[in-house]
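**Student:** For reference, the chains in residue letters:
4 protein chains.
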Amino acid sequence: MITSSIALLDFLLETREHTETICKPLQIEDYVVQPIEDVSPPKWHLGHTTWFFEDFILKKFKDDYQVYDDHFAFVFNSYYESMGARVVRTDRGNLSRPTVDQVYAYRKYVTNALTALLEENDTDELAQLIEIGIHHEKQHQELLLTDIKYILGNNPLLPTYSSEFQEFKLNPNPAEWLSIPEGIYEIGHKGDGFSYDNELGLHKVYLNSFEISSRLVTNSEYIQFIEAGGYESVLLWHSEGWAWINDNAIKAPLYWHKNDNYYEYYGLNGLQKLNLEAPVTHISYYEAFAYAQWKGLRLPTEFEWEVAQSQFDWGERWEWTESAYLPYPNYTKAPGALGEYNGKFMVSQKTLRGGSVATSNYHTRPTYRNFFHPQLRWQFTGLRLAR
Amino acid sequence: MITSSIALLDFLLETREHTETICKPLQIEDYVVQPIEDVSPPKWHLGHTTWFFEDFILKKFKDDYQVYDDHFAFVFNSYYESMGARVVRTDRGNLSRPTVDQVYAYRKYVTNALTALLEENDTDELAQLIEIGIHHEKQHQELLLTDIKYILGNNPLLPTYSSEFQEFKLNPNPAEWLSIPEGIYEIGHKGDGFSYDNELGLHKVYLNSFEISSRLVTNSEYIQFIEAGGYESVLLWHSEGWAWINDNAIKAPLYWHKNDNYYEYYGLNGLQKLNLEAPVTHISYYEAFAYAQWKGLRLPTEFEWEVAQSQFDWGERWEWTESAYLPYPNYTKAPGALGEYNGKFMVSQKTLRGGSVATSNYHTRPTYRNFFHPQLRWQFTGLRLAR
Amino acid sequence: MITSSIALLDFLLETREHTETICKPLQIEDYVVQPIEDVSPPKWHLGHTTWFFEDFILKKFKDDYQVYDDHFAFVFNSYYESMGARVVRTDRGNLSRPTVDQVYAYRKYVTNALTALLEENDTDELAQLIEIGIHHEKQHQELLLTDIKYILGNNPLLPTYSSEFQEFKLNPNPAEWLSIPEGIYEIGHKGDGFSYDNELGLHKVYLNSFEISSRLVTNSEYIQFIEAGGYESVLLWHSEGWAWINDNAIKAPLYWHKNDNYYEYYGLNGLQKLNLEAPVTHISYYEAFAYAQWKGLRLPTEFEWEVAQSQFDWGERWEWTESAYLPYPNYTKAPGALGEYNGKFMVSQKTLRGGSVATSNYHTRPTYRNFFHPQLRWQFTGLRLAR
Amino acid sequence: MITSSIALLDFLLETREHTETICKPLQIEDYVVQPIEDVSPPKWHLGHTTWFFEDFILKKFKDDYQVYDDHFAFVFNSYYESMGARVVRTDRGNLSRPTVDQVYAYRKYVTNALTALLEENDTDELAQLIEIGIHHEKQHQELLLTDIKYILGNNPLLPTYSSEFQEFKLNPNPAEWLSIPEGIYEIGHKGDGFSYDNELGLHKVYLNSFEISSRLVTNSEYIQFIEAGGYESVLLWHSEGWAWINDNAIKAPLYWHKNDNYYEYYGLNGLQKLNLEAPVTHISYYEAFAYAQWKGLRLPTEFEWEVAQSQFDWGERWEWTESAYLPYPNYTKAPGALGEYNGKFMVSQKTLRGGSVATSNYHTRPTYRNFFHPQLRWQFTGLRLAR
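Protein chains in written order, with the UniProt record's numbering: chain L, 1 to 387; chain G, 1 to 387; chain U, 1 to 387; chain H, 1 to 387.
Among the hints, a few may not be true.
One copy or two, it doesn't matter: identical chains are merged, so the pair holds either way.
To be verified - No more than 30 Å apart at the CA atoms, straight line, and that leaves these computed lysine-lysine pairs for BS3-like:
id, residue 1, residue 2
1, Lys59, Lys333
2, Lys273, Lys169
3, Lys204, Lys190
4, Lys251, Lys169
Just so you know, these hints were derived from the structure itself, not from any lab.
Using the sequences and the hints, build the whole thing.
**Tutor:** Here it is in structure tokens:
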């Protein structure tokens, strides 16, 4: 819990500003498009994170609050069914208006109103909601950056986002197996710090002894899988994974371009030769699983990961686990619309642990649970083996 | 045929400029989106009409011509299969790059190159191709304007394109039936003026005597059809028209908004009360047909229309005819890629005659044949009865 | 018009019996399946032609008529929207009940009731409706046979329908061009004989002089088109035809099986080597058109065909024409539900002329207009050239 | 493990016969259809269970084995990608051949060959494979019965399968909460008896204390959920569950027919008034979850269920659990094609525990793990609450 409203205000302002910093390299046109359903236009992220503050906080805490524009709730609501009608997700890229300038003006208006509100109200209730709003915006910062990558990286001109952006740092240490003994372990968030409801419900799990790799699988290792015919070996794949690679003609991770003798890779710093020692990324759960099958190994569960994580470096790639994204024992969702935040997605998705080069600071932690459908690849996903 | 290359150059420059004038009221964001497959982003029209000149003329007539950007052929080719790979139609709205500024620079570069070319080459062959390019661009000017209307008119903010734009002028004359006697008539384009290949092949048709209305059907008349239950009366509709209105929950023309007691209409000059005396527009062929059935009348054929057209005013609405879009006797398509212009669409579409408030000057004529699939409504279509 | 009710009864009974004769070679299982939407289960044809008599005639003319089973109207109505709810077309193959035995019992019950009715009522009104019912059933006889061919010919076991069935007879005469002079011709049905509403409205058309082939295109000729790369030459195809062959990986007519050195063909008499001199069949309009383009020729219009037909043999293959299926001048559809018979399909389809080896006797004539969507191939379609 | 080959032969023959007994009430037509992708034609189950014995056993153990029909592997292979090409799942209902008689002859041929084989070979290896084949067939017996229910229960004639079939027995005891203390429990199959690979890997889990209901939720209780607006309350549903009920207009369990004042229910014994005290069935996981949410309770995990199951009656309804269907620790799949049996489905599905009135004898046990996608309802699913 943030202890003072001044610190909270700083945290808020810094977060609001960082969102806009991420967009600095963009052209106006880049803010508008939605090449696939999972990717939202940058403009939409800018507006949606703002609407969240307006709708859940300003309308509630300021009696005389003047909504910036009545249409914006319709345009920028994402999925809060209980908050009224909204633009269907697949239509986000069809909206040229409001313009980017209008959205920035909307951001400024709401940030100013939040600042004024925080100066006159220092209740815990407000502080808690502001904190949720900040973390909500940080979560969208990661999506914003990965959505920008998708928009630019699927454009035939392959424009560079920023030549300074580093998607990985090379790890000089060799991979080793870390051993964790059998036993009862505690899982879940504890302490005062911020967490989402899906991390709460501290509880015990029983783990068999296992070993987990100290390093992520690298591009070089993944190429061996490709060259050994991994994408053509049906027995390595889940039934729906096999259908997915065949229906979509998948032969390599996303953003890989095969040339005669080598692979190129589109990174936020542009198209370049694939770095063989970098951790493989932009793979689906199906691919992570098939790779592990091919090695005769497996993915860790999210509990194994949480128990072992202090013994290895993490944070460059979101790591697919074998666990399904399910409620912890005694999970209870928040009352009202905020209760839609996490619980409604707890079916048919896999849990990922860790964080990525696109994750904002203060946004991940050892108990953080990310989740995606098993075929999705546009995040900086990765793969760590266990046995 | 344009008789001098100076006149041709003027015609070219005026046409190139007019395209840009149409875009003047747009925000950059408006240039980018593609809300439905049939609508292209304005940016794409600007680039495609330019690519057409570059690919069919500059590359052919200027030996040392330097292509502006190698990627643009891929981005701006529309459907000329024989001219190589291209962005699939449904992906046009996913492209944020090239930017609008880059597209305008591309236009300038190509217009300048065409100007220089025309100053040094006055062959008939070049003049003919330039003329095709001009008419191609004029054709896209109409699509550009109707696509802009779709983009703005389907945005929840309903922005106005231009408060001065008039979509109709009121016709003070009452409707009358014009009688045309039975006999043999000549159909098709004659003379030196420009026409497309699909108008050529002057030929005779035999027409029974018929009557055709001097006026288009009005909004007021169309409301009677709606209120009489036209959209719920299966026997008025083609089988596939009935499926279409039901699958899409169609209850009125496009851009109509039903309020408690009246209809509002989104026009290029903004949302306003529907003018009852204006000609009905934005209807599909299915709706035009069902209306005629309900009146116990019919649509004219395109031949009847061509024979009768000198006796009535036309040009505000493209008029659906009962005719399918088919080749005239002795139709021959142009050799090479230009042969893809018209002939390849001569199946499953209906012919429309006339022109519309969005049609550029010098672009329509009594023999002009427009064509669309029967369900399309985003053009300024209309309806004239015959019997 | 049939002149006596005895002759009419004979015609009816013979027709009813012939439908069942067509089904003689079937196993019960063959009656049930619907491999594609366009193909109906044989059981459905047996029931639907019976329901037509029950619903349009028996219920109208017999006051005390006892409907055989109340559910059958729901099961066997095809598309008469005005006659109430019905099983959607794509679900016909999901119905195991009523059983084949029940459907035959239903047929017998209705045929007996019709016999009794004809013995007590000799009005013209009844006779006309019976005649429509007979021709409706004959029309379904052709579909029944071609649907059976599809069901058996797409089964991996490729069972033979009847080893005696001859799909063609060899024509010993060489192809010649028949010349028809320019002029005004009369089109449409005349005289007392039966015709559908879509053939009526005798009217004049003006034809340019043209030539038409005395023979259908043969398999041997069509193979030349394939071997010359016809299916890979985009400029020969309509835009939607090109999409269709590519989306469906079409490389040859339906029922052709390519072996190393030759084609096999599945006919109603089983799988065998393709007869090179037989007329090509089971081609779409798109393929017919592309073949003609490749030859530098064209398809005749339906008017040209009708005017020339007395000078050549026809009746083995339905012949694609260049004409769209549209109403003749002064076309009026029958009142009430029978009006749904033809008119509602007069959009987006092509006209075929002639008849086929699957056409029942007395069912085609020089003015008969068949119609299908341009991609359909499961009928015995064919191709005659004009120029 | 079955201890003698005579006992094994008896078990085999009894199983083979029971499959055919299930089909006794069918008409031939009922064997053929596939109304939805998840439902296979009864004929296909008869053939597929036979092909399994032929392909995995007879071809392997009998050198001179004569395959019954070479086409049948293509027709009756289900999903064993490693065993070669096969009819795609959605096409199973398009196959009228082989006929039902041929399939029964095939069954007899293979059963006889298996009998002869067992008489001459008493190796453990054979016995184990036969046992798998028996359990495979028992698994299909349940699908066969529920597929038959779907085929008949979705036919507009609603034919009865068997008037003697009882889908439930009334439970006279009131519901109570059973308490299980916190602690470490062992999960998984032990002992010599048959089990599938997905039950193996005996392992410990740590459970919090919990309570589980001694009874399944009844129709009467479920009606309260419906009448309280459960299907209209977005906050009770998963995001994809909400989309599913709305896209499919789901308002009640499958096979419920709403009348003016009460519900009717289609059971294998025909359509009748819904028994209010019977356990609710034919619900999706989404509905089970929403019901529990509405009660402020939850579903048990599969581990809780396994630990508590000895304290309550079960076996009438497969019970949805909150658990995802995932591999147990140290899960290893069988080598070769048999390895495709379970593991390839371990993503995106939910685990069900228990058994149902359609489950064959000896086929379920406390450790048995059934699994389906969360929207499926055609099995006899049910719902037990926990807290």
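**Student:** Where does the structure disagree with the numbered hints, that is, which hint numbers, in rising order?
**Tutor:** Of the numbered hints given earlier, the structure breaks none, since each of them holds.
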